[in-house]
Structures are given as C-alpha cells and as structure tokens.
Amino acid sequence: MAKPHGEKVGTMKNDAWLMLAENISLSFDGIVALNDITVNVSHSEILAIIGPNGAGKTCLLNCLNGFYHPQRGQIFLGDQEITSLKPHQRAKLGMGRTFQGVQLFPGLSVIDNLLTGRHIHMKTNALHGFFYRRWTHREEMRERRKVEEIIDFLEIKHIRHKLVGSLSYGLRKRVDVGRALAMDPLVLIMDEPMAGMNLEEKEDMARFVIDIREAKDIPVVIVEHDMLVVMDIADRIYVLNWGNLIAEGKPEQIKKDPAVVEAYLGEG
Amino acid sequence: MRKLTDLSTAHKNWGELPQVLDQGVETLPQLLVYQAGRFGDRVLHRKKDFGIWQRYTWNDVLEQVKTFAMGLASLGVKRGETVAIVGENEPELFWSEYAAQSIGAKAVCFYPDLTAAQMEYMIVHSEAVVMVCEDQEQVDKVLELEEKIPAVHTIVYWDERGMWKYDHPKLMTFKQVQEMGKEYMVRHSRSFEEEVATGKGDDIAALCYTSGTTGLPKGCILSHTYLFDTVLRLAGAYPLKPFTQYLSYISPAWGTEQMFGIAMGLLLPLVVNFPEEPETVQENIREIGVEALVFSPPQWESLASLVQSKIMDAGPIRQWFYEWGIWVGGKVNLGRLEGKKVSLGWRFFYLLADKTVLLHLRDNLGLQDSYFNLSGGAGMSPDVFRFFHAMGVKLRSVYGTTEMNLLTMNQGEAYDLETVGTVLPVQPKFGPPLEFKLTDGGELLARGGLGFLGYYKNPEATAKQMMDGWYCTGDVVSMTDKNELVYLDRLVDMRGLSTGHFYPPQFIETRLRFSPFIKNAMTLGDKEKSFVGAFINIDANTLGTWAEKRGIAYSTFADLSQNQRIREVIKGEIEKVNRLLPEGSKVKRFLNLPKELDPDEDELTRSRKIRRNFLEEKYVTFISHMYQGVSEFKAEVPVKYQDGRTGVLNATVYINNLAKEGKEQQ
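These protein sequence lines are chains A and B, in that order.
Numbering follows this note's numbering, in which position 47 of the first sequence is assigned residue number 33; successive positions increment by one, without gaps.
Numbering follows this note's numbering, in which position 76 of the second sequence is assigned residue number 65; successive positions increment by one, without gaps.
The following block holds chain A by itself, in its conformation from the complex:
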C-alpha cells in the first residue's frame, strides 16, 4: 500500500468494516492453530470471539495485533493492509489493546501509566524535557488533560496518584483499559478483560466496555471465556473450535446454534 507506515488511517473507503482478517491460516510445525478464518469488525460494535480452551481465540487475536504473522491470509485496518506490520506499527495506526492479566508499570502512578499510553502522540523527547521550554510545557498540559479525561471516564479519580502496584486487580485492569484508550485507538482489542474478576468488578468492566462503544464510538473486540458477560454485552459473536470458525451471529442466534451448543455450552 502506498501510505507510509506510522501515519494514522485517514478516511475510510469501506463502510462495511473497519478491520478485516481474510482467510487467515496459522500453524506451528504442522499443528493447525487457525484454519482459513475470515472475521471483520464493523465501525460501531462490540464484537466477541469465544470458544473453548485451545480453540484458537488468542492465536487469532495475536494475528490481529501482530504478535503472530499468519502463513496465509491478509489483514486490513481501514483501507490499509497491515498483515506484515509489527505490533508497535499497528498501534500507531490506531489499534489499541489490553492484555490478559495486567502488564502495567507497578512502580509508576496511575497518571504516569496512562501517560505512557500517550507516548505515540508526544513529539518532545527527554532532552526537551530537560530544558523544558514553553512548547514542552504546552504538550505536557495537553497530554495531562487527555489523561484526566480518561481518569474521569473510567471513574478512577480517587486513585490517580496511587502506585499501580498497590491497587486491587479490578482497578489495575481499569488502568490497563485506560492506557489503551489513551492512545486514541480506532479499535480496541481486549484479551480476556474479565478473567479473574469478582462479580462486581465484572459488572463494572462490562459497563465500561459498553460506554467505550457508546460514548467514544470505538468498536471493541473482546476475547472472553465468560459466556454470560459476552451474551449480555456483545452485538455480534464469532465462535471458534479447534481452529475453525463454527458460527457467527447475534447472541440469541449463537445461544441456539447446535454446533456451538455441542462444542462449547454442552461441554459441561
């Protein structure tokens, strides 16, 4: 594609989808992890990818965000092909993600952790910081304001100065989401956001996922094990099993789909 890497995807030529992964196949030494999978993410939806253990959910996710490169197939973000790009290049293009577990800086405060998410938007460097002229000051003010908006959005005002390492798991997870949002992503990919949470934390997280879609108009892709949450908040669901896509549709359809029931719901 003609566009230089590192520039944000501009106008969308395509109205049907924002992100598309077409005919993806991935295998490790002959073990087929993903077999000819095609998925797309539209401009405004909460999309869930579910499946039993070992179905290939995380493999698919890692293909989308660039940790794995599939042997066959193409991935597009907007009008740009990104199949061969590295994760940080995809991040610059507007792909935000949160991790399974929490991958934050435990020794930094919540604000500083969120500011690291703004890194790709900052133009000044350490030397600028050392001399700290007006330009640097203005940038700091602007970025801090952005971060404060996210703090307000995620209702973490009371912990903004706390060290992340001292927070509960649910709050750390919220900071993790905040850092992904700080990038101003076009699409947010969340890897098992509810894993290891208690009921209340799950409810909070589910509400924030819905808010991200409604208030910020960012589509969200969730890979999630917890069926109940997924059925409640997702607009559309893909179901994987043994590396194959076995169903796609609205939650009500998925619940009734015999293949899904057999592969997933019926397993217990």
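Do not rely on the hints blindly, as some may be mistaken.
As the list claims (entries may be wrong) - Pairs of lysine-lysine residues, derived as DSBU-like cross-links and limited to a Cα-Cα distance of at most 35 angstroms, are as follows:
| id | chain 1 | residue 1 | chain 2 | residue 2 |
| --- | --- | --- | --- | --- |
| 1 | A | K143 | B | K189 |
| 2 | A | K143 | B | K37 |
| 3 | B | K538 | A | K148 |
| 4 | B | K344 | A | K143 |
| 5 | A | K188 | B | K629 |
| 6 | B | K453 | A | K188 |
| 7 | A | K78 | B | K37 |
| 8 | B | K629 | B | K159 |
| 9 | B | K154 | A | K241 |
| 10 | A | K148 | B | K584 |
| 11 | A | K132 | B | K154 |
| 12 | A | K132 | B | K164 |
| 13 | B | K37 | A | K188 |
| 14 | A | K236 | B | K154 |
| 15 | B | K164 | A | K188 |
| 16 | A | K148 | B | K344 |
| 17 | B | K299 | A | K188 |
Unchecked claim - For the chain A half of the interface with chain B, some residues (derived, Cβ under 8 angstroms), not all of them:
| id | residue |
| --- | --- |
| 18 | R131 |
| 19 | E134 |
| 20 | E135 |
| 21 | D138 |
| 22 | H144 |
| 23 | R146 |
| 24 | K148 |
| 25 | D197 |
| 26 | E200 |
| 27 | A201 |
Unchecked claim - Cβ-Cβ distance ranges computed for the label pairs, FRET-style:
| id | chain 1 | residue 1 | chain 2 | residue 2 | range |
| --- | --- | --- | --- | --- | --- |
| 28 | A | K148 | B | D372 | 28 to 34 angstroms |
| 29 | B | H177 | A | K236 | 49 to 55 angstroms |
| 30 | B | D589 | A | S11 | 52 to 58 angstroms |
| 31 | A | H107 | B | H177 | 43 to 49 angstroms |
| 32 | B | S519 | A | H147 | 55 to 61 angstroms |
| 33 | B | E266 | A | P244 | 48 to 54 angstroms |
| 34 | B | P228 | A | H147 | 35 to 41 angstroms |
| 35 | A | S152 | B | Q617 | 46 to 52 angstroms |
| 36 | A | K148 | B | D30 | 34 to 40 angstroms |
| 37 | A | P244 | B | G65 | 57 to 63 angstroms |
| 38 | B | G304 | A | G151 | 41 to 47 angstroms |
Read the hints as simulated data drawn from the structure, not as lab findings.
A virtual CB, placed ideally from N, CA and C, is assigned to each residue, including glycine.
Starting from the known structure of chain A, arrange chain B on it as the hints suggest.
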C-alpha cells in the same frame, strides 16, 4: 424563662454585614447580584475537575445562574412553583437552587442516596415541576417514578456520563436549558434583573424535609429572611473572616448546608469548595487548606475512628509517640478550654508534642488551617470532642432545629464540652432575642428571632409543635449555671424501666459508637422490662483486622460477630460506658447483630440514625430471647441484596451478660 443575650460582642462581630442587607437585598438571588457587583472577579465556587481546581468567579456564577434561571422560565416554571434537585454537592446544584429562587420558585434538595420510593412522597408533596438531577443514577430513579409524578414536566441532568443513549421527551441537559435561557432573554423583554427584583424576603427559598425518624417526612419552610437570620446568628457568635475557605460536603437536603454553603456562602462571603468525589474528600480538604468545616456528628466520629484505626496499624514506637502526644495535647488544650492557665513546663511539652505528633495529625487530616469547625446537631460523644481538642482542632457544637433555626453554639475560647453551648445572638432586624423555657419533663421550648415558619401544606403538624407562642423542640435538655445547654435526649426517646429507673438511650449509643469496634448500637428497655439491653452492630473493618492479627479465623460478618473473642472485646467496650451510668441504667445484656444495619432495608435513616421502632419490630424475637434469659438461639433474619433480591440469613446468636445481676433477671 431567662434572658440570655448580650449583643455587644455580636455587634462587633457583625461589622458591616447587616448593612449589606439594607441595600434592597431581601432574597438570595438579590444578594448574589449585589455581591457580584462588589466582588466581580474574585472566586466564589471551586470544584476539582480533571485533576485541577476549576474556579468560578462571582461573575461566572451569576452568568450560570442567570441563563439557567431564564431557561427554567422558558420551560414554563412560574413564581411559587417548585424545582427539586438531587445530586452530590457540585456547583450546578447550587446554581440550580439560586436559579429557581431567581424566578420566584422554591428549591427542594434530596439526599443523593435516597431510593426512588423514598423520593416519591417528597416530589409529590412539594409539587415539583422540574427535577434537576446530577447524573444517570438519579435520572434512572426519576424515570422509574415517571408515572407517579405527572406534575414533573422536565428532567434536567448536568453530568452527561452514561446518558448517551437516553432518549426521553422529558430529558434535557443543564447546558440545553441554559441555551434556551439565552434565547429566551433575546425574545422576552422581562429580564432576569426584573425577575430577581420581584422577590420578597418572606418568599419560600427552600423546603427541607425532616429525616422522618417517625412517620412521613415534613417539609419545613425556609424563607430567604430565615436563611439570612441564621447567617447573622453565626456571624454574631464568632468572628468569621470574609472569603473563608469552606468545604461543601454535607448535603443541602439537610437544612444546615442551606444555612452554610448556600446562604453564608453569598453573605459573608465564603469561597465554597466542592470535593471531586465523596471518596476524595479527605484528600481535597488537605489540598484547599480548609478554614471552615461543618460535619454531622457521625462524620466527625468516623474521622476520629479513622485516625484510631490507622494508628492501630502503626508500629509500637509510633503508637507510643501518638499516645504521648494526645495525652499532652489533652492536658493543655482541655485545660485551656476550662479557662485554666498553662504552666511554662507544660507549654514546653506541648510545643514538643505539637511539633512531633499533633501538627502532623492535623496536617494529615487537612485541618491545619481550620479555625471554625462545627458539629451540627446534638448527640456527639464528648470523647470525640476531647479527642479533636487534644489534637489542637477547636471543635464546637452548634445546636438547633430545622424548624426553629440554630439556637446555641459553643462560643468563646473556654466552654464546656459536655454542653451544646450558649444562646446565639439574633440581629434585631429579624426579631426579638431568643428565649428558652424548660417544661417539667425537661423539654426545651424556644421563641424569638424569626420564629417557626411552619411545615409546608401541613397546618396540623405545625400547630402541634407550638404551645402558647413557644416552639416545642421535643428535646430534653438541662441548663448549667453558665447558661449552657446540656442536651440529654429526644423527649420521646427518654425511657423508663419497670424498676422505675430512667435511662437516656442516645447518650449510651453515641458513647458506644465512639469505640472503633462498634459501628452502631441500639439500647432496649421499657416499662415492661427490668434492665437495659443492647444490640451492637460491630465494625467489621476494624474487628476484621483485629481478628486477623490474632489469627482468629472467620468467614462471614455473621461468623465474625458471634466469635467468642469478638464478643469479649465488645463486652469490654460496653463496660467502659457502664462506668458513666448510674446502677439502674447500666447495660446488663447485649448481643451482636449477625448482619449490618442498612439504610436500604429501612433499618437506618439516610443520615445513619437508627430507626428504633422499625428495628424493634424486625428483631422482636431477638428482644424476647434477650429478656427471657436465653444465652444462645437460632436466628433467621430477612435480608435484601443490592440488586433487589431477598433472602434469609441463618445464624446462631449469642446473648452476653455484663453485670453479675444479668444472670438472674426476671
């Protein structure tokens, strides 16, 4: 009857304040317009938003109020109608109230944690036509009631979080109303200034619904003059500095905040600071260097417990230093309070204690600069007062009723902590000085000042409170020889036992609540019962930590509360209080409730007072077991979960004896 007032110091303290009210200023909006002309670009409101204290000058506030008021007018709100407001303390809440008053409407504020059902009666009774809500949470409650409150034609909200997908014909944002106001000002000749000028001092400024420990809430009328009267009573009793930094934290649903944040804020004036979130109050108090603070007794008590529980986590050396600092502080400060001279040696010790311990305590609580600390309402344990005074925080009681306005306050530099203070001075323009009278039963009657303005649409209840021109407070007090009032209890709450002894339930309960291990307590005992019993709601936080440190295993709240060693701890706490009581009034038996008392289950009022009659009915089997001499029984308690589900809690409850006589009662 005693004459109590001497106005000479009051006149000195008032300074030029009364003259402000002579400038054609009769209502709060008129005062806002007048003062904005004087103070223009100085700060009136501050609110922490996006991590920064955002400032609103007098001109800003006036502009916000003006556009919102005109917006309300264009929505058809008329003179004499009601605007109801519900939310946490935020500038928009204050602006909404001033705006409603600007066009001659009255405001009524609700506690933000009321349930929809609890709000319904007050919305209907106050005849509200517009509901101003803070956020989604409040809007949801109002929408839930929509069919039951047909008079409400518009629902306004100012926090747009989570409201993106709401589509309801009655819903509008605060800003949309202000935009309508701007258009309205262009189209209509009758200006904001004319609307404000039409207001009269005896217009109703706000309705304050009494918390309703008994029966339905009653809407107490606060007029503009009433609120000015209050401010001058306080300003006369204590030399308050203009532009004092004040933290608005208590809800305007409580009359006290109407008097402070709303009225005194404009008249004195204050710089009114709004905390970022209820969870950040402690931090915010520190940031703004608060100078005046009004809390309810439970809030002061929880602040004191906070210090104590944090100290319990500290190491032995720090604990020793803390104990020593508080001991020295107590000796010196409490001595000064009694008017004693402090010797040179003690002054030296105090300096040392202050620099090493007390200063840091005050600083950490944010009370370092605070010179006017009030506990609103009676019934706080003197231990809490002693604690704060020892720390160097001059805490004062102010006592009054919403109906009859503020009556007394601890004044001057030497006062008795066991009392709620001496009578407040009334500015002569508002009426005669306050007078007190005690009935044979010890009930306090009061008259003077502006007097009682009545309950809204409830003349019977109004008449019931009056007796030959005196307002009956329903509070039992006694008066010291220095004319200080000692608050004992509510008249209806003083209780007699079958033995002929009387006991003051609230007195016992507040002293129990001061224990870091006890969150709430209710005493039992009446004409059919021969001794005083108590229900204890343990503080699971501090006791949980206490238990963990000692390796005591527990699973649930119920399990913890009935633990043998926990019961021993509570027993010790009750024995401390028993020492203060005469023999016949001592607590003889108690039990720890197996669940927390909860306002959502109507067990507590919103201001966290216990609802005695309700509890006596709900826990009737507990009471009968206690007085039958049983030492343990199987209890079933219905519980309501937050999501509306109900269930039953099963637990074995132990009843504990305190004194030797406890074993052979009845």
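Results of checking the hints against the structure:
The straight-line distance between the Cα atoms of K143(A) and K189(B) is roughly 42 angstroms, outside the 35 angstroms bound, and the hint therefore fails. Simply put, K143(A) and K37(B) have alpha-carbon atoms about 10 angstroms apart, close enough for the 35 angstroms limit, and the pair holds. Taking the CA atoms of K538(B) and K148(A), the gap is near 25 angstroms; set against the 35 angstroms cutoff, the hint holds. Note on K344(B) and K143(A): the hinted pairing holds, with a Cα-Cα distance of about 32 angstroms set against a maximum of 35 angstroms.
Only pairs whose Cα atoms come within 35 angstroms are accepted, and K188(A) paired with K629(B) is accepted, the gap being roughly 21 angstroms. With a CA separation close to 53 angstroms, the supplied pair K453(B) and K188(A) exceeds the 35 angstroms bound. Pair hint K78(A) plus K37(B) holds up; C-alpha atoms about 33 angstroms apart against a cutoff of 35 angstroms. Pair hint K629(B) plus K159(B) holds up; C-alpha atoms about 32 angstroms apart against a cutoff of 35 angstroms.
As the CA atoms of K154(B) and K241(A) are separated by approximately 26 angstroms, the hinted pair is consistent with the 35 angstroms bound. With a C-alpha separation of about 33 angstroms, the suggested pairing of K148(A) with K584(B) holds against the 35 angstroms cut-off. Between the alpha carbons of K132(A) and K154(B) the distance comes to roughly 23 angstroms, so the proposed pair stays at or under 35 angstroms and holds. For the suggested pair K132(A) and K164(B), the alpha carbons sit about 22 angstroms apart, so the restraint of at most 35 angstroms is met.
Between K37(B) and K188(A) the alpha-carbon distance is near 29 angstroms, which keeps this suggested pair within the 35 angstroms criterion. Distance check on the hinted pair: K236(A) and K154(B) sit about 20 angstroms apart at the alpha-carbon level, within 35 angstroms; holds. Our distance criterion of 35 angstroms between C-alpha atoms is met by K164(B) and K188(A), whose separation comes to about 33 angstroms. Annotation: proposed proximity of K148(A) to K344(B) holds, straight-line Cα distance about 28 angstroms (limit 35 angstroms).
Between K299(B) and K188(A) the CA atoms are separated by roughly 30 angstroms; this keeps the pair inside 35 angstroms, and the hint holds. Satisfaction of the interface hint for R131(A) is found here, the shortest Cβ-Cβ separation to chain B being roughly 6 angstroms, below the 8 angstroms cut-off. A distance limit of 8 angstroms between C-beta atoms decides the matter here; for E134(A) the minimum to chain B is near 4 angstroms, and the interface restraint holds. With 8 angstroms as the threshold, the beta carbon of E135(A) comes within range of chain B, its nearest partner Cβ sitting at about 7 angstroms, so the hint holds.
With a least beta-carbon distance of about 6 angstroms to chain B, the hint placing D138(A) at the interface is held under the 8 angstroms criterion. Checking H144(A) against chain B: minimum C-beta separation of about 4 angstroms stays under 8 angstroms; hint holds. Hint status for R146(A) relative to chain B: holds, with the closest Cβ pair at about 7 angstroms, below 8 angstroms. Below 8 angstroms, beta-carbon pairs count as interface contacts, and K148(A) has none with chain B, the closest being about 11 angstroms; its hint is therefore violated.
Restraint check, D197(A) versus chain B: the minimum CB separation of about 6 angstroms is within 8 angstroms; hint holds. Residue-level restraint check for E200(A) holds (minimum Cβ-Cβ distance to chain B is 5 angstroms; threshold 8 angstroms). For A201(A), the shortest C-beta to C-beta distance to chain B is roughly 5 angstroms, which falls under 8 angstroms, so the interface hint holds. Remark: the range hint 28 to 34 angstroms for K148(A) to D372(B) is upheld by a beta-carbon distance near 33 angstroms.
Hint check: H177(B) to K236(A), Cβ distance near 51 angstroms, so the stated range 49 to 55 angstroms holds. At about 55 angstroms, the CB distance of D589(B) to S11(A) agrees with the hint of 52 to 58 angstroms. Separation of H107(A) from H177(B) is about 47 angstroms and conforms to the stated range, judged on CB atoms against 43 to 49 angstroms. Between S519(B) and H147(A) the beta carbons are some 57 angstroms apart, a value that agrees with the proposed interval 55 to 61 angstroms.
For the pair E266(B) and P244(A), the supplied restraint of 48 to 54 angstroms holds, since their beta-carbon distance comes to about 49 angstroms. For P228(B) and H147(A), the Cβ-Cβ distance of about 37 angstroms falls inside the hinted range of 35 to 41 angstroms, so the restraint holds. As the Cβ distance of S152(A) to Q617(B) is approximately 50 angstroms, the hint placing it in 46 to 52 angstroms holds. Take K148(A) and D30(B): their Cβ atoms lie about 36 angstroms apart, and the range 34 to 40 angstroms holds.
Between P244(A) and G65(B) the CB atoms are about 59 angstroms apart, so this pair conforms to the stated range of 57 to 63 angstroms. A hinted range of 41 to 47 angstroms for the beta carbons of G304(B) and G151(A) is inconsistent with their spacing of about 22 angstroms.
Hints 1, 6, 24 and 38 from the list above are not met by this structure, while the remaining hints are.
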